[in-house]
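Number of protein chains: 2
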Amino acid sequence: MRWTEFLLPTLKEIPSEAEAISHILMIRAGLIRRLTSGVYSYLPLGLRVLKKVEKIIRQEMDSKQAQEVLLPAIQPIELWIKSGRFAALGEDMITFTDRHKKVNVLGPTHEEVITALVKNEVNSYRQLPLILYQIQTKFRDEARPRFGVMRSREFIMKDAYSFDCDGEGLNTSYNKMYQAYCRIFKRCGLNFIAVEADTGIMGGDVSHEFMVLAENGEDMVVICENCKYAVSMDKAECVKPVTRGQEPVARKMEEVKTPGVSSVEDVARFLKVGAEQLVKTLIYIADDKPVAVLVRGDHEINETKLNRLLKAGSLSMADEETIQKVTGGPLGFSGPVGLSGLKIIADLGIAASSNFVVGANKSDVHFVGVNIERDFKVWQWADVRNIMDKDICPKCMQPIKIEQAIEVGHVFKLGTKYTENLNATFLDEQGKAKKIIMGCYGIGVTRLIAACIEQNCDKNGIIWPKEIAPFQVILMPLNTAHVLSMDFARTIYGHLTERNIEVLLDDRDIRAGIKFKDADLIGIPLQIIIGEKNLEQNRIEIKERMTGQRYIIALDEALKKTIELLKIPG
Amino acid sequence: MRWTEFLLPTLKEIPSEAEAISHILMIRAGLIRRLTSGVYSYLPLGLRVLKKVEKIIRQEMDSKQAQEVLLPAIQPIELWIKSGRFAALGEDMITFTDRHKKVNVLGPTHEEVITALVKNEVNSYRQLPLILYQIQTKFRDEARPRFGVMRSREFIMKDAYSFDCDGEGLNTSYNKMYQAYCRIFKRCGLNFIAVEADTGIMGGDVSHEFMVLAENGEDMVVICENCKYAVSMDKAECVKPVTRGQEPVARKMEEVKTPGVSSVEDVARFLKVGAEQLVKTLIYIADDKPVAVLVRGDHEINETKLNRLLKAGSLSMADEETIQKVTGGPLGFSGPVGLSGLKIIADLGIAASSNFVVGANKSDVHFVGVNIERDFKVWQWADVRNIMDKDICPKCMQPIKIEQAIEVGHVFKLGTKYTENLNATFLDEQGKAKKIIMGCYGIGVTRLIAACIEQNCDKNGIIWPKEIAPFQVILMPLNTAHVLSMDFARTIYGHLTERNIEVLLDDRDIRAGIKFKDADLIGIPLQIIIGEKNLEQNRIEIKERMTGQRYIIALDEALKKTIELLKIPG
Chain A
0 MRWTEFLLPT LKEIPSEAEA ISHILMIRAG LIRRLTSGVY SYLPLGLRVL
50 KKVEKIIRQE MDSKQAQEVL LPAIQPIELW IKSGRFAALG EDMITFTDRH
100 KKVNVLGPTH EEVITALVKN EVNSYRQLPL ILYQIQTKFR DEARPRFGVM
150 RSREFIMKDA YSFDCDGEGL NTSYNKMYQA YCRIFKRCGL NFIAVEADTG
200 IMGGDVSHEF MVLAENGEDM VVICENCKYA VSMDKAECVK PVTRGQEPVA
250 RKMEEVKTPG VSSVEDVARF LKVGAEQLVK TLIYIADDKP VAVLVRGDHE
300 INETKLNRLL KAGSLSMADE ETIQKVTGGP LGFSGPVGLS GLKIIADLGI
350 AASSNFVVGA NKSDVHFVGV NIERDFKVWQ WADVRNIMDK DICPKCMQPI
400 KIEQAIEVGH VFKLGTKYTE NLNATFLDEQ GKAKKIIMGC YGIGVTRLIA
450 ACIEQNCDKN GIIWPKEIAP FQVILMPLNT AHVLSMDFAR TIYGHLTERN
500 IEVLLDDRDI RAGIKFKDAD LIGIPLQIII GEKNLEQNRI EIKERMTGQR
550 YIIALDEALK KTIELLKIPG
Chain B
0 MRWTEFLLPT LKEIPSEAEA ISHILMIRAG LIRRLTSGVY SYLPLGLRVL
50 KKVEKIIRQE MDSKQAQEVL LPAIQPIELW IKSGRFAALG EDMITFTDRH
100 KKVNVLGPTH EEVITALVKN EVNSYRQLPL ILYQIQTKFR DEARPRFGVM
150 RSREFIMKDA YSFDCDGEGL NTSYNKMYQA YCRIFKRCGL NFIAVEADTG
200 IMGGDVSHEF MVLAENGEDM VVICENCKYA VSMDKAECVK PVTRGQEPVA
250 RKMEEVKTPG VSSVEDVARF LKVGAEQLVK TLIYIADDKP VAVLVRGDHE
300 INETKLNRLL KAGSLSMADE ETIQKVTGGP LGFSGPVGLS GLKIIADLGI
350 AASSNFVVGA NKSDVHFVGV NIERDFKVWQ WADVRNIMDK DICPKCMQPI
400 KIEQAIEVGH VFKLGTKYTE NLNATFLDEQ GKAKKIIMGC YGIGVTRLIA
450 ACIEQNCDKN GIIWPKEIAP FQVILMPLNT AHVLSMDFAR TIYGHLTERN
500 IEVLLDDRDI RAGIKFKDAD LIGIPLQIII GEKNLEQNRI EIKERMTGQR
550 YIIALDEALK KTIELLKIPG
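Heads up: the sequence lines are chains A and B, in that order.
End of the first sequence sits at 569 in numbering that gives the first Met the number 0; the numbers just go up one at a time, nothing left out.
End of the second sequence sits at 569 in numbering that gives the first Met the number 0; the numbers just go up one at a time, nothing left out.
Worth flagging that the hints you see were computed from the coordinates, not collected in a lab.
What you are looking at is a predicted structure, and each value in this text was computed from that prediction instead of being measured.
One or more of the hints may lead you astray.
For identical chains, the list gives no copy identity; a pair is met inside one copy or between any two copies.
[Claimed, not checked] Cross-link-like lysine-lysine pairs, in silico, DSS-like; alpha carbons within 27 Å at most:
#, residue 1, residue 2
1, Lys532, Lys560
2, Lys516, Lys118
3, Lys465, Lys239
4, Lys50, Lys465
5, Lys376, Lys54
6, Lys11, Lys118
7, Lys50, Lys361
Based on the sequences and whatever the hints tell you, model everything.
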């Protein structure tokens, strides 16, 4: 490909719309352009990368006997009502009313559609196991689309669905997909970890997220460097603290005035105690009923954990008015003492706490010297808080750390959640109808590219892993008016393309400095630099983008060396 | 691929939802399944065909230096308002309001988006010519989705856009695409013709449709078998009739009672004259103003032609009330005599008519013996009717014929319609800003597959052209319990797949009769039939799906013969 005939508009300046490094580089390197909020066009260079990733995914899916299909974006809303997920997706779901006044959904995912399809086409155990996948465009009306293709409203996903007779079959399918995912991410040059994860609105019981550690990651993962355990925040078990040494003496509970002081930080400072000496009382509304949730002052509630306990259809924090009604006091001064008519859930993190500070359900008043059992009763103990950096690992009891990450894949053992609601059964060997057992497996294809760039870049630009680089070689005749330079460029271009090596020939009549900068920016693994002076001495220069290593090579060795550096035999 | 591990559900019965033969066969052969009105899922076999077609398209586009991009489905409505096409698309356009209350369009096509993109990225003549294309999903809320993927609400299109400095450049780009289209359709096994066509809401001045002749085609094409001229109905010029021989004597105009008789057929029968002796008067509303249009009783108005003349933003037939107001008479009795306050447009088809019958603008009354000029004045003569079978060819004056056809591609010289409205300019060699000259080029990829089946099938099923067949060979061991049959099947399967020949192994434990029927239904070019009796005599049978020709072949010749029949060297 000749650059002058290729739509590859690089930018020197950092685009104002972009924050994340991958987003900046994808725009600067001419991979994508924004059309509207959270919606991007792929330019030719970006599409080349996208296709390489898709090819890797197809190869790995096919190698696990997964079969490719293509399902529609337009879906009837009835399917979502049947599955019970219409409400769960809320405003993220894009819907439109057609000319016949029917409401349609633009598929954010395809569990419903594939289950409806398989329900009609599969009826015997002989047709199972079955894994179907597609690479297809999804639509989600994200509240805050950002970081370019990392969180966008229209994106490409690889979604796979497995169908099995029983739990053992599901385990086999799940493991196949898990292995395929590891190979896909590795081939795409990603440094990733698989973490145990919550199943969320997908349903089912077992799930793993594939996480790429990156500064701009919107997710947090919990990692134990000692035992290598990795888990998502929502799934990470917080170990119940134990009282060490002597039981503390229970002090007398007393009211203290805390005028205008209600936040944890302010109360702790005012009373000259650590935040861990406070217990926060938060009022939630779970399916229209209030509950009080207690966590230590320095801890944060994890609502996913809380709702795993409550199993509520809807869960939200109470508003000021409700708090006043339920506790008798204003927002910011809630506490468990004297609270009645609602359940009190205590996070395990306060199990070893004593003589602590709580709100008094009165304006500008707190209690100090509060103790559980003596001063109030707990309805249920549970782990409902976020794990924190340096908390201890539930597996090996060493300190964990928390890192930012980008979720690039997610696998779920769904079980019968969808086949139950949509009544998808098969006849087993005995002729008995049973629900099909499902798994589902997703990769954010466009997000994967952004994640890859986050991990594979430097201050000068992108450093593409070889297997997904848009070209393997960029040829840079520094002076395109110099006949010998262009002759050599054309010759080696021919030799390389004959060997199926993809070459971009920078034949632009511009300053060498811009060529160097652009080559680093777009990140093609090998740069072959053809300069007049080197050429006079029958040599050229090869630069490896990843290492920065430069080689001065005799002309008649150039082809061999290039192939060697690309690690292609012959 | 083994059939028992492949989701390929064939159907014996004709599905009730399907009328067109291609639709019936696509469902029966397990290529597609309907999800909702005009929306289809591609099963693995269907997707294999789709990908083959896409591969051919990419090869031919790339060979013309067209560059592939990927544009979003979600588009801001503002672009469509700027281009002036929002109203033109009407109810076909799918829109949705997002969570931020912004209205978005689901792209029915991408002229606006690509023009906006190129406007930002191209600014110099040095960057032109440029051809960009994509293979992407389009959305149109068809009033009557039908014939499966032939007219659906979600479909895959290849759309290409050319950008040039001047008209000469546009001609070059247009010819490149025209040639690529011919190659694509030929490689897909289509018998097609390119017809001169109207540009419609796309705009521009020159356009060709690529038409596949087929009984279930929704379009009509005009073909001259004598001079090979082919043209669309909207573009076909009707030759003005000439009076032959002596001028007819003008008779006296008279009122006749035609009680309850208003249709052309009824009036002609009642008055015992031919339909061609009547002149119909139709009242249209063009941009809120009424016009009367006269055509011969046996002719039909072509509204596209009419509006090429009127250039109205909106054009529709007047309702009963308006007709009463404008003509003074009821619907069905309109006529040009005494009509005032509106323009009278006469189709050229009545230029040689005399002493004809028209409505009298009174209930149950017609005039007979009417003559132009004497009895009423024509404001403008024009060709505004549909050409009919046996009308004469405007090129060679021989009779034309009209055939049903499926439009699979359409190419347009757009000129500056979009670059003008969206202000996309470039600087020419003199540094002067000029509007970019555009062309656009579309292929209905999913429709192409249906069209291909319409032309390539028999009563038993599909007959795939080799280059887009989902597999090249189907291996049919008739008795899967017979060890030697399965052994031979596996051996030849290995040999063929080693040579990159795609093979489907029908390893289902079912009756031979069903295997034969299914093999013919799914239409794979070569059937290798492995029967016990033949095998005992060291031979197998090969059947060509297209010709029905059968070959009995010695085992050790089987591979060679298969390759020879597939016309693959070696």
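Against the structure, the hints:
no. : hint               : verdict
1   : Lys532 with Lys560 : within (20 Å within a copy, 59 Å between copies)
2   : Lys516 with Lys118 : between (55 Å within a copy, 25 Å between copies)
3   : Lys465 with Lys239 : neither (47 Å within a copy, 68 Å between copies)
4   : Lys50 with Lys465  : both (14 Å within a copy, 26 Å between copies)
5   : Lys376 with Lys54  : neither (59 Å within a copy, 69 Å between copies)
6   : Lys11 with Lys118  : between (54 Å within a copy, 19 Å between copies)
7   : Lys50 with Lys361  : neither (62 Å within a copy, 69 Å between copies)
Hints 3, 5, 7 from the earlier list are contradicted by this structure; the remaining hints agree with it.
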